[in-house]
Structure formats: structure tokens, C-alpha cells
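Sequences listed follow chains D and A, in order.
Per our numbering, the very first residue in the first sequence carries number 15; after that it's consecutive.
Per our numbering, the very first residue in the second sequence carries number 622; after that it's consecutive.
FYI, nobody ran anything at the bench for these hints, they're computed from the structure.
Small disclaimer: the values here were computed from a predicted structure and weren't measured.
No residue lacks a Cβ here, since even glycine has one placed at the ideal position from N, Cα and C.
25 angstroms max Cα-Cα, derived SDA-like pairs, lysine to any residue:
1) K123/D / A819/A
2) K774/A / E371/D
3) K189/D / M866/A
What follows is a list of derived Cβ distance ranges for each label pair:
4) K140/D / G804/A: 17 to 25 angstroms
5) G770/A / G185/D: 43 to 51 angstroms
6) R693/A / L142/D: 20 to 28 angstroms
7) E848/A / S109/D: 36 to 44 angstroms
8) E848/A / Q111/D: 34 to 42 angstroms
The primary structure of each chain is shown beneath.
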Amino acid sequence: MMKMMKVLPICFLMLATTTKCDDYLSLDKLTDCQGLASIQMMLRGKISTDCRRPRNALERAVESQFAVTTAVHNCLLSSPPTPRLAGFSCFEIMSNQQSELACFKPVDKSQLDDYLGKYASRYRDKVLLYLQDASRCPVGNGDAGAAPNSLLPAAFNSISQVRFAFALQVGSEKKSQIYHAYADTDPQVDSSGPGAIEVFDFLNVSKAAVVQPSACRSKDGIVSTMDDAQEGRRSVESTLTQKTGLHATVKMRFIDLTYCGTENVSDATKRSDLDDWQDQLKYILALTDYRELDDEELANSPFKNTDEMRDLMAKNLPFAQRNGNRTLGPHVVFLVDDAHRECAAVAEVMVLEPESEVKTDYGSIAILLLGVGDCRIAQRPGGTLSDQLLNKLTDEVRSDAVK
Amino acid sequence: MNSIHRSSIFQAAATIVLVAAVTVAGWPITTNSQEPGFPECLYAGPGDSQRDESRSFRPTEHHDDCVRDVLRVSDFDEVVATERMFGLPSDQITFIGCAAAPFLTYPASIDPPYRVKIYYPATANADLKKYVAPILHEIGHAYQYRQAGSIQKLLASLNNSNERIELGADFLAGLAAKRLKMGPAEFETSFYLVGNYAIDPDSHGNPADRALAFRYGYNAPQTEQFEDSQYADFQDNGFAIVKHMGAPR
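Model the full assembly from the supplied sequences, consistent with the hints where possible.
This is how it looks when you write it as C-alpha cells:
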């Protein structure tokens with residue numbers, strides 16, 4: 015008996031060690047050919063009605079992402095759509111142009127560290143086999159490989175940052191794809207979890223996105239491309255209306271600046287130029303009824319100054335973007351127009367810095383004009399929420415930056 | 622400012638903070654270093670044992686094991702076409718098969734016309750189909766070497782970043798593979814090119830970076846002829862984009 019008691023702990027120790035040695039991350043989602051085919055069928059149909067409520071912090075955080083937009087329908091599925099996704103939380107997501115199954119399952123973060131740290135000895139051969147097998151699945155087009163972090167479903171950006179990923183392309187247009195990744199989770203969202211998730215995502219795009227031609231047409235200067243983000247604008251309007259209980263009016267314009275010249279322009283020069291253009295826009299806004307908040311008003315506000323507002327924005331970036339390579343500029347312009355009793359308007363100008371070491375990227379400028387209440391007067395030509403003002407601001411950037 | 626205005630404006634401000642954060646995060650990203658050890662050769666990679674071999678492999682010590690192009694790699698259609706594409710005269714590249722060699726490019730002359738020797742493993746049961754992808758990567762190095770004039774100048778032109786050289790060769794292999802109508806899988810599932818996550822001053826890049834660099838070339842707009850500016854664009858823009866998109870955090 016005594017002998018047995020001495021042996022038992024050793025057995026447990028061996029068992030524990032053995033379990034750890036065999037404890038590989040699963041590389042089997044892109045090779046479940048039958049399961050992938052059934053998911054593809056599912057995504058071609060109507061969105062499921064067999065939905066459930068979120069049960070944990072991660073599920074709640076993902077679902078809250080869908081609340082800000084009315085253009086997307088989602089369903090947290092009551093049961094996994096295929097046996098291989100047992101234990102996953104799966105969201106079916108549908109909009110006009112695409113349908114998606116986005117799933118995640120908590121895994122131990124140390125396994126991800128193990129994968130990266132011992133890749134050559136433990137995982138490399140398995141990964142090569144995994145990709146070779148995945149490329150043979152009839153659902154795909156034979157193109158399976160390591161994948162960029164940027165393919166992570168947008169809804170998961172708020173909770174996770176990808177460590178490594180794989181993708182299998184579907185169809186010939188390179189828009190639909192199946193994505194399998196492992197990602198760290200935001201400890202602020204899920205402090206009691208194991209620190210990471212396995213992600214499976216099947217994105218089925220019915221309408222291929224229009225391929226944007228290169229912004230550069232000649233080898234000189236900076237060119238701008240504009241986006242008024244209509245869908246985003248509607249989302250902000252509906253969020254503002256919900257928050258204030260008042261009618262909301264929103265105008266948004268993003269101006270992306272692309273450098274087409276041959277000279278090397280330093281990141282510092284680009285940042286300095288963006289700062290100057292931001293100041294110039296502030297000056298133009300101040301010529302209308304917009305004004306800066308004074309010290310007393312700021313003291314009564316949730317922010318001490320606009321730099322604090324900028325820091326709060328940066329802090330509120332989704333987890334995946336928080337340490338991103340394109341960051342908010344150091345300042346935000348924040349002005350108010352309270353000249354009319356029935357309408358409160360706000361103007362904001364933000365800069366997104368250029369990606370470092372990318373020669374063509376000159377950064378971006380965002381202009382937001384928001385009003386709550388009855389803002390019809392402010393929307394008239396020359397008003398603080400008018401298209402005319404938005405265009406004037408845009409022209410200023412273009413005339414200064416785009417030579 | 623009256624209280625209605627104040628609360629509306631501050632609520633709007635708070636909303637802006639959240640909305641702007643999300644908006645900035647969804648902003649379209651332009652799609653479209655470590656201190657290295659000084660290499661005297663450029664090679665395909667990847668796994669630890671392979672890399673150790675390439676570090677220790679010295680052609681001068683392997684005369685007996687090496688035969689000039691014993692597997693006739695220089696006759697591969699893919700090799701002939703890629704040399705032509707990059708404007709590399711075939712008589713300036715010597716292929717050599719050695720029993721113990723990794724895929725490796727060695728400068729053979731330090732003066733123009735900058736000849737190189739490309740070594741490859743020569744074994745009895747070699748699967749020659751699997752040689753194409755790493756050989757394209759090596760021909761990429763031959764192009765880089767010829768353009769710079771020496772490995773020192775090559776490193777100096779790329780901020781002394783070995784990774785820039787290696788991912789640059791992967792990019793060139795992608796450009797070539799597309800013209801040869803090869804699928805990306807031949808590159809991305811090649812044992813010799815898969816990459817590693819280990820922190821290594823001699824790094825070729827991690828698997829995601831290597832695949833992305835290859836695809837930056839593979840998916841680049843097709844031009845009638847290869848232009849040096851395509852490679853310059855990779856070093857000016859593509860390298861940083863690849864590193865930002867693919868790096869594990």
C-alpha cells in the first residue's frame with residue numbers, strides 16, 4: 015500500500031506531463047470539408063431564427079457591436095452549426111451584401127505562446143499538412159495559407175487581437191473566405207477567462223466589392239480620396255438620437271491622402287503637414303458660428319480639455335486597433351455652435367497619422383458635423399451643418415495638400 | 622450656454638468619443654528591425670535544422686559533395702523564364718547541387734557583372750517539383766544582389782534589415798510565380814519557405830509575413846514586363862504594410 019501511495023503521485027505527474035505534451039492547438043477547422051459545405055449552404059439561406067441571449071462577457075461584448083447599426087442583422091445561434099464547432103459561440107450575421115458565421119471559443123493563452131515559441135519543433139509540419147489538406151476542400155478554391163490579422167471579423171476587433179491565422183479562399187473573386195485564427199482577448203472585457211480565443215469565420219460575399227483604382231495617376235504630389243461613409247453616418251445618427259432623445263443630423267467626411275511623388279517624405283513632415291491642415295480647418299470653422307468651449311464649460315464637461323478627449327478616444331478604440339500602426343493624431347479639434355435655441359451643433363476634426371514607413375500613405379483627415387434638435391436652419395447653405403461648409407473644408411484640404 | 626445645450630453637446634461629445642473611436646478603427650487602410658547579423662550568403666530558410674545547416678554550410682568545404690547543376694535545375698522552364706523576367710543573364714548564375722546544401726545564394730564575383738552561385742540540396746530521391754518555389758526565392762536574391770552590387774551595399778540600402786532582403790525575395794518570387802501561373806500554395810506550403818516565429822537576428826520573417834510578402838508580389842498589377850519600380854514599391858510601401866498586417870502581437 016505504502017508503495018502504491020508513492021507511485022501514484024508519479025503517475026499523476028506523468029499523466030499531467032503527457033497531457034501537456036499532447037495538448038496541441040487544434041488545426042482542424044479549415045479541413046472540415048463536410049462541415050464547411052453545410053455552413054456555406056446555411057449562409058446562402060435566410061438568417062436563423064433559433065437564437066439565444068449572450069451568456070458571458072465576451073458574447074455580450076460582441077453582440078453590443080451590432081447594436082450601433084441597423085443595417086446588420088445578427089443571431090447568436092442556440093447550437094453550433096456543425097459538430098466541429100461544438101463549444102463555440104457562433105453569431106450569424108447578415109447584411110445586404112454579405113452573410114457571415116463568426117464563432118469563437120475560449121482557449122488558454124499559454125497555448126498560443128507555446129505555438130509561437132516552439133513553432134519549428136511542434137507545429138510547422140502540422141501547419142503545412144493542415145494547409146495542404148485545407149486546400150483540397152471542395153468549398154474552397156485551393157488557395158489556403160497563412161492569413162493577415164486584418165481578416166478578423168470586425169465584431170471581434172472589440173474583444174481580441176490576432177496572434178496568428180490561416181485562411182481558405184472561396185470562389186474566384188477572392189472576396190469570400192474562411193478564416194481560422196487564434197487571438198488574445200482584452201483583459202478588460204474578460205478578466206476571468208483563459209486569455210485567448212480560437213476564432214472561426216466564414217464570410218460569404220454575394221456582391222464583390224468594387225476594386226478601387228490606384229489613387230495615383232501621375233508621379234507627382236498628393237492626391238485625395240473622399241468617403242462620406244453613408245452607412246456609418248446613419249449609425250451615428252441613430253446612436254445620437256437614442257442617447258439624446260432628440261432628432262440628430264450627422265455629416266461625415268473622411269479624406270485619405272496618398273503621396274504619389276518620388277521623393278522620400280519623412281513621417282515627421284507628414285505629421286506636421288497634417289497638424290497644419292487640421293489647424294487651418296479649425297480656423298475656417300471658427301469663422302462660422304462654431305466656437306471653442308471656454309474653461310468654465312470644460313470644467314463642467316466630462317473632459318478637462320480636447321487632448322483628454324483625444325486620449326479617451328484612443329482608449330476606446332477596439333482592442334485589436336489599440337496598438338495599431340495608424341494612430342489618432344495628437345490633437346482633436348472640437349467646436350460647438352450653440353447660437354440657436356433649438357439646435358446644438360458640434361464640429362470635430364481628427365487626424366489619422368500615416369502608417370510608418372509606407373511612402374504613399376500621407377494620413378487621413380476626418381471631419382464630423384453633428385447636430386441635435388431642430389437643426390434645419392443650421393443645414394441651410396452657409397449654416398454650421400451645411401453641405402456647403404463641409405465642401406469648403408474639403409476644398410481647403412485639397413487646395414493646400416493636393417498640388 | 623444654457624443647460625439644454627450643455628447636456629446635448631456633452632452627450633454628443635461623449636457619443637463622438639465612442640463613435641469616432643469605432644469609426645477611426647474602421648477607417649480604410651491603404652491597401653493597395655532588428656539588427657541583423659552580417660550574412661555572407663542569402664538563403665531560403667526555414668526550419669531550425671535547415672537554418673543551422675545554411676549557417677554552417679561553406680561551399681569551399683564541400684567540394685567533394687557538390688556537382689555543378691547535377692539535377693539540371695537551370696533547365697527548368699520556370700527558372701529560364703524567371704531569369705529572363707528579372708533581366709538576369711543565365712551565364713551569370715551558376716547552379717550547384719550538394720548533398721548537404723540548403724537553398725543558398727552566394728556572390729561569386731564582387732565586380733560587375735556580379736555572378737552568383739545558387740546552391741541546392743542534391744539527394745537521390747529529390748522531389749524536383751518542390752524545388753521551384755525556393756529556387757524562385759533564390760533568383761530573387763540574385764536580382765537583389767545584381768541591383769545592389771554587393772551584400773554590404775544591399776544591406777546598407779535596406780536599413781541593414783535582413784528581413785527586408787528576405788521578404789523582398791519572397792515578393793519577387795510572388796511576382797514570378799504569378800507570371801508562371803503557379804498557385805500560391807506551392808510557395809506557402811513549401812517546407813523551405815514557411816518561416817518561423819522565433820526571434821532571430823537572421824530572420825526571414827514569420828509565416829504570415831512571408832505569405833503576405835509573396836502575395837504582395839503575386840497580386841501586384843500585372844505589367845507587360847517586370848520593372849525595377851515594382852521592387853522599389855515593395856521596399857517603399859509593401860514591406861511596412863506586410864509587417865503591420867501579418868505580425869503576431
